[in-house]
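Colleague: Work the whole structure out from these sequences, hints included.
Those protein sequences? They're chains G and D, same order as listed. Read in order, the letters of the first sequence are residues 0 to 403 in numbering that gives the first Met the number 0. Read in order, the letters of the second sequence are residues 0 to 251 in numbering that gives the first Met the number 0.
Don't take every hint at face value.
Here are some chain D residues the structure puts well away from chain G; computed CB gaps all over 12 Å [to be verified]:
{"id": "1", "residue": "M0"}
{"id": "2", "residue": "P71"}
{"id": "3", "residue": "H72"}
{"id": "4", "residue": "N136"}
{"id": "5", "residue": "A181"}
{"id": "6", "residue": "V228"}
{"id": "7", "residue": "N234"}
{"id": "8", "residue": "G237"}
List of simulated lysine to any residue pairs, SDA-like, C-alpha gap at most 25 Å [said to hold, decoys possible]:
{"id": "9", "chain 1": "D", "residue 1": "K127", "chain 2": "G", "residue 2": "N221"}
{"id": "10", "chain 1": "D", "residue 1": "K167", "chain 2": "G", "residue 2": "I219"}
{"id": "11", "chain 1": "D", "residue 1": "K70", "chain 2": "G", "residue 2": "S120"}
{"id": "12", "chain 1": "G", "residue 1": "K6", "chain 2": "G", "residue 2": "N386"}
{"id": "13", "chain 1": "D", "residue 1": "K127", "chain 2": "G", "residue 2": "F220"}
{"id": "14", "chain 1": "D", "residue 1": "K51", "chain 2": "G", "residue 2": "Y123"}
{"id": "15", "chain 1": "G", "residue 1": "K6", "chain 2": "D", "residue 2": "M143"}
{"id": "16", "chain 1": "D", "residue 1": "K127", "chain 2": "G", "residue 2": "R218"}
{"id": "17", "chain 1": "D", "residue 1": "K127", "chain 2": "G", "residue 2": "Q236"}
{"id": "18", "chain 1": "D", "residue 1": "K70", "chain 2": "G", "residue 2": "R119"}
{"id": "19", "chain 1": "D", "residue 1": "K140", "chain 2": "G", "residue 2": "G297"}
{"id": "20", "chain 1": "G", "residue 1": "K232", "chain 2": "D", "residue 2": "R150"}
{"id": "21", "chain 1": "G", "residue 1": "K6", "chain 2": "D", "residue 2": "D91"}
{"id": "22", "chain 1": "G", "residue 1": "K232", "chain 2": "D", "residue 2": "K70"}
{"id": "23", "chain 1": "D", "residue 1": "K70", "chain 2": "G", "residue 2": "G297"}
{"id": "24", "chain 1": "G", "residue 1": "K232", "chain 2": "D", "residue 2": "S149"}
{"id": "25", "chain 1": "D", "residue 1": "K153", "chain 2": "G", "residue 2": "Q235"}
{"id": "26", "chain 1": "G", "residue 1": "K232", "chain 2": "D", "residue 2": "N46"}
{"id": "27", "chain 1": "G", "residue 1": "K232", "chain 2": "D", "residue 2": "M143"}
{"id": "28", "chain 1": "G", "residue 1": "K232", "chain 2": "D", "residue 2": "H72"}
{"id": "29", "chain 1": "D", "residue 1": "K140", "chain 2": "G", "residue 2": "Q235"}
{"id": "30", "chain 1": "D", "residue 1": "K153", "chain 2": "G", "residue 2": "G225"}
{"id": "31", "chain 1": "D", "residue 1": "K70", "chain 2": "G", "residue 2": "N234"}
{"id": "32", "chain 1": "G", "residue 1": "K232", "chain 2": "D", "residue 2": "K167"}
{"id": "33", "chain 1": "D", "residue 1": "K51", "chain 2": "G", "residue 2": "S245"}
{"id": "34", "chain 1": "D", "residue 1": "K51", "chain 2": "G", "residue 2": "Y114"}
{"id": "35", "chain 1": "G", "residue 1": "K6", "chain 2": "D", "residue 2": "E139"}
{"id": "36", "chain 1": "G", "residue 1": "K232", "chain 2": "D", "residue 2": "D172"}
{"id": "37", "chain 1": "G", "residue 1": "K318", "chain 2": "G", "residue 2": "L24"}
Source of the hints: derived by calculation from the structure; they are not laboratory data. Keep in mind it's a predicted model, so treat the numbers as computed, not measured. Note that beta-carbon positions come from the ideal geometry of N, C-alpha and C, so glycine has one too.
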Amino acid sequence: MLGLSSKDTALLIIVALLALLAPVLLNPFPEASAMAQFNAGYPDLMQRFVIYGIFAIGFNILFGLTGYLSFGHAAFLGVGSYAAVWMFKLLSYNVVPAILLSVVVAGLFSVLIGYISLRRSGIYFSILTLAFAQMSFALAYSVLSNPKFNLTNGETGLQVYTDDPQIFHRAGLPDLPHFFGLSMRSTYTVDMGGWSFDFNAGYYLCAIILLVAFYMSIRIFNSPFGIMLRAIKSNQQRLNYTGLNSRPYTLAAFVISGMYAGLAGGLLAAMDPLAGAERMQWTASGEVVLMTILGGAGTLIGPILGAGFIKYFENIFSKINDNVLHQWFSFMPDGAEDFLVAIVHPFVGKGWHLTLGILFMLVVIFLPGGLVEGGQRIGRFVFRRNNRKGGGLEPDAKAKQPAE
Amino acid sequence: MGILEVKGVGKRFGGLQALGNVNLSVAENTVHAIIGPNGAGKSTLLNCLVGKLIPDTGSVTFQGESVLGRKPHEINQMGISRVFQTPEIFGDLTVFENVMIPCFAKRDGAFRMHAYESVKDEVEIREKARLILDDVNMLEKRDMIAASLSRGDKRRLEMAMCLVQEPKLLLLDEPTAGMARADTNNTIDLLKHIKATRDITMAIIEHDMHVVFSLAERITVLAQGTPLVEDTPENIKGHPKVKEAYLGETQA
Chain G
0 MLGLSSKDTA LLIIVALLAL LAPVLLNPFP EASAMAQFNA GYPDLMQRFV IYGIFAIGFN
60 ILFGLTGYLS FGHAAFLGVG SYAAVWMFKL LSYNVVPAIL LSVVVAGLFS VLIGYISLRR
120 SGIYFSILTL AFAQMSFALA YSVLSNPKFN LTNGETGLQV YTDDPQIFHR AGLPDLPHFF
180 GLSMRSTYTV DMGGWSFDFN AGYYLCAIIL LVAFYMSIRI FNSPFGIMLR AIKSNQQRLN
240 YTGLNSRPYT LAAFVISGMY AGLAGGLLAA MDPLAGAERM QWTASGEVVL MTILGGAGTL
300 IGPILGAGFI KYFENIFSKI NDNVLHQWFS FMPDGAEDFL VAIVHPFVGK GWHLTLGILF
360 MLVVIFLPGG LVEGGQRIGR FVFRRNNRKG GGLEPDAKAK QPAE
Chain D
0 MGILEVKGVG KRFGGLQALG NVNLSVAENT VHAIIGPNGA GKSTLLNCLV GKLIPDTGSV
60 TFQGESVLGR KPHEINQMGI SRVFQTPEIF GDLTVFENVM IPCFAKRDGA FRMHAYESVK
120 DEVEIREKAR LILDDVNMLE KRDMIAASLS RGDKRRLEMA MCLVQEPKLL LLDEPTAGMA
180 RADTNNTIDL LKHIKATRDI TMAIIEHDMH VVFSLAERIT VLAQGTPLVE DTPENIKGHP
240 KVKEAYLGET QA
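Modeller: Here is the structure:
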């Protein structure tokens with residue numbers, strides 16, 4: 000289907016189902032229950048899952064395929080956001096021109112940075128991209144924000160003011176980013192029993208764009224161009240002696256992933272019309288590296304998993320405070336309860352980074368292929384067990400056995 | 000005039016004169032071996048031919064065109080392919096993908112996205128890759144990951160990757176280094192087969208005299224960065240100077 004192998008089609012369908020049903024799947028706990036705080040199915044967070052998923056998919060095209068580790072991809076995210084907000088300021092709150100311009104501007108910007116950075120490889124490439132990203136941050140934070148020429152609005156962040164031109168803005172349109180009149184914030188809430196599901200317009204716009212982005216990344220992975228990129232990672236020496244100049248290929252991969260980052264940045268601004276310089280900081284660049292490695296660099300679905308994992312942690316794990324912990328351990332005797340809370344305390348709430356760090360270490364040491372490799376191992380383990388138990392059963396019969 | 004002409008090439012690394020004044024002419028459609036003791040400058044010479052090093056003096060011309068100052072990929076586009084001492088292949092890719100990449104490069108080496116090219120092109124490339132794998136007896140291993148191949152098979156694959164480009168000159172840097180006797184003999188047979196089935200010139204750098212005397216039609220002996228003699232294998236075998244500089248040493 001659509002030029003994909005049956006395996007990739009299945010993967011695309013799974014991702015599509017997950018993305019489209021996310022408002023339901025991410026809200027497994029009834030609203031009133033104590034576990035409700037683990038629900039991730041609210042629009043703001045779901046948008047983040049998907050947007051950072053796009054960011055990581057793009058990063059994976061560069062890092063996963065060519066092996067060039069960019070430490071400055073947040074610069075393109077930031078540039079995309081600024082471009083989108085400028086579109087809101089100048090034209091109207093319609094997200095379509097904003098997203099298109101954010102992709103184009105990030106693409107042009109990545110041609111510039113990529114052309115210079117790709118003169119070196121390995122650690123020098125990483126440092127060059129990091130330097131460029133930090134320069135972009137400095138530009139956005141202070142240099143390009145002075146009374147004479149205010150492109151970024153510095154510390155406050157770029158936002159839309161009532162005296163902005165907005166030449167295509169008309170009376171009937173929402174005063175928020177919208178898709179031809181459909182506000183990104185409009186949410187349709189379904190209450191079912193104790194559950195409540197939010198179907199948000201902005202989320203679905205992001206989800207559809209994610210699916211297109213994911214489909215394109217599958218096509219890139221399987222194309223001759225993708226094979227060429229993997230060849231660069233595998234053996235650049237041989238490629239040179241095969242009559243190929245690898246630089247245009249790496250630059251193309253760099254620009255493609257920069258455009259993905261710009262798209263993600265544009266979407267962030269489309270969901271919340273504000274662009275700040277902190278989006279370009281090196282921690283943001285590091286985050287996408289973590290997402291990709293955690294999920295599984297060079298795999299198709301890994302980056303999405305990694306992005307979801309990290310964003311879930313950032314938003315959910317960080318909300319667990321001592322009160323919640325006391326609730327959890329209340330069945331224990333008082334002394335033991337306080338003791339356990341004291342032990343767990345540093346790892347939750349504001350200390351969520353600590354837990355994430357430990358998990359990251361464990362994944363890198365024991366599952367170098369990331370969460371995807373973990374999934375594959377579990378799959379193989381279950382498959383083998385079933386094999387042993389079932390003897391010579393048909394594959395169909397195996398699948399019917401309960402997974403325990 | 001030969002297909003490859005090396006005239007007065009010299010290369011100095013700091014205080015070491017790696018190549019003195021090398022003159023070499025490789026005739027078209029021959030197998031030309033370059034032998035010499037360790038440190039004779041064989042690898043330096045080869046690196047000057049493929050653009051990895053730029054000689055300090057002299058000229059290197061291939062089919063009348065200078066190769067000096069060109070990048071390795073440009074020299075490859077002229078029709079020179081190189082087989083490395085340790086097989087250089089794309090370890091993470093399958094055998095078939097390994098052979099497909101030089102097919103993409105073959106056309107002119109220009110950058111292409113390749114994503115939206117006609118299906119016919121890809122069918123052609125796949126067929127070409129299949130034929131060449133069949134030619135080197137690797138077809139049944141087409142879906143294996145290249146890194147998991149044996150040393151001899153890696154060498155075969157590397158040759159296939161070079162041959163699929165239809166080079167006019169194939170440079171071989173110790174093609175049997177580190178191989179067991181059986182693998183060495185297989186490689187000799189493969190090289191003979193390659194020579195017999197197409198118009199190709201080969202320049203071989205080799206330590207193993209068994210390989211050299213089974214394949215070469217001309218032999219140049221290099222010692223201390225200068226060519227000592229150049230002759231047919233029969234004459235080289237009995238040459239007193241060669242015995243002294245090279246064969247005498249190894250057989251003592």
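Colleague: Decide, hint by hint, whether the structure agrees.
Modeller: These are the hints, each one checked on the structure:
1. The claim that M0(D) lies off the interface holds: its Cβ sits roughly 25 Å from the closest Cβ of chain G, which is beyond the 12 Å cut-off.
2. Here P71(D) does not stay apart from chain G, with its beta-carbon only about 5 Å from theirs, under the 12 Å limit.
3. Listed as a non-interface residue, H72(D) fails to keep its Cβ farther than 12 Å from every Cβ of chain G; the least gap is roughly 5 Å.
4. Every C-beta of chain G lies more than 12 Å from that of N136(D), the closest at about 21 Å, which supports listing it as non-interface.
5. Residue placement check: A181(D) keeps its beta carbon more than 12 Å from all beta carbons of chain G (closest about 26 Å).
6. For V228(D), the requirement that its beta carbon stay farther than 12 Å from each beta carbon of chain G is met, with the minimum near 30 Å.
7. Remark: the non-interface label on N234(D) is consistent with the geometry, its nearest Cβ contact in chain G lying 33 Å away (cut-off 12 Å).
8. At the 12 Å boundary, the C-beta of G237(D) stays outside the reach of chain G, the nearest C-beta of that chain being 37 Å off.
9. Using a Cα cut-off of 25 Å, the hinted pair K127(D) and N221(G) holds, with the two alpha carbons roughly 19 Å apart.
10. At most 25 Å may separate the alpha-carbon atoms for a hinted pair to count; K167(D) and I219(G) exceed this at roughly 33 Å.
11. With a CA separation close to 17 Å, the supplied pair K70(D) and S120(G) stays within the 25 Å bound.
12. Simply put, K6(G) and N386(G) have alpha-carbon atoms about 22 Å apart, close enough for the 25 Å limit, and the pair holds.
13. Between the alpha carbons of K127(D) and F220(G) the distance comes to roughly 22 Å, so the proposed pair stays at or under 25 Å and holds.
14. Of the supplied pair hints, the one linking K51(D) and Y123(G) holds, its CA atoms being roughly 21 Å apart against a limit of 25 Å.
15. A distance of roughly 19 Å separates the Cα atoms of K6(G) and M143(D); the hinted pair therefore holds under the 25 Å criterion.
16. For the given pair, K127(D) sits about 23 Å from R218(G) by alpha-carbon distance, which is consistent with the 25 Å threshold.
17. Between the alpha carbons of K127(D) and Q236(G) the distance comes to roughly 23 Å, so the proposed pair stays at or under 25 Å and holds.
18. For a cut-off of 25 Å, the pair hint linking K70(D) to R119(G) stands: about 16 Å separates their Cα positions.
19. For the given pair, K140(D) sits about 24 Å from G297(G) by alpha-carbon distance, which is consistent with the 25 Å threshold.
20. Using a Cα cut-off of 25 Å, the hinted pair K232(G) and R150(D) holds, with the two alpha carbons roughly 21 Å apart.
21. With a C-alpha separation of about 20 Å, the suggested pair K6(G) and D91(D) falls inside the 25 Å cut-off, and the hint holds.
22. At roughly 20 Å between alpha-carbon atoms, K232(G) and K70(D) fall within 25 Å of each other, so this suggested pair holds.
23. Simply put, K70(D) and G297(G) have alpha-carbon atoms about 30 Å apart, too far for the 25 Å limit, and the pair is violated.
24. Distance hint between K232(G) and S149(D) is fulfilled; the C-alpha atoms sit about 21 Å from each other, no more than 25 Å.
25. Between K153(D) and Q235(G) the alpha-carbon distance is near 17 Å, which keeps this suggested pair within the 25 Å criterion.
26. Simply put, K232(G) and N46(D) have alpha-carbon atoms about 23 Å apart, close enough for the 25 Å limit, and the pair holds.
27. With a C-alpha separation of about 18 Å, the suggested pairing of K232(G) with M143(D) holds against the 25 Å cut-off.
28. Simply put, K232(G) and H72(D) have alpha-carbon atoms about 17 Å apart, close enough for the 25 Å limit, and the pair holds.
29. Our distance criterion of 25 Å between C-alpha atoms is met by K140(D) and Q235(G), whose separation comes to about 23 Å.
30. Of the pairs offered as hints, the one joining K153(D) and G225(G) holds, with about 23 Å between alpha carbons and a cut-off of 25 Å not exceeded.
31. About 17 Å separates the Cα atoms of K70(D) and N234(G), which keeps this hinted pair within 25 Å; it holds.
32. Simply put, K232(G) and K167(D) have alpha-carbon atoms about 28 Å apart, too far for the 25 Å limit, and the pair is violated.
33. With a C-alpha separation of about 16 Å, the suggested pair K51(D) and S245(G) falls inside the 25 Å cut-off, and the hint holds.
34. About 23 Å separates the Cα atoms of K51(D) and Y114(G), which keeps this hinted pair within 25 Å; it holds.
35. Of the pairs offered as hints, the one joining K6(G) and E139(D) holds, with about 23 Å between alpha carbons and a cut-off of 25 Å not exceeded.
36. At most 25 Å may separate the alpha-carbon atoms for a hinted pair to count; K232(G) and D172(D) meet this at roughly 24 Å.
37. Annotation: proposed proximity of K318(G) to L24(G) holds, straight-line Cα distance about 20 Å (limit 25 Å).
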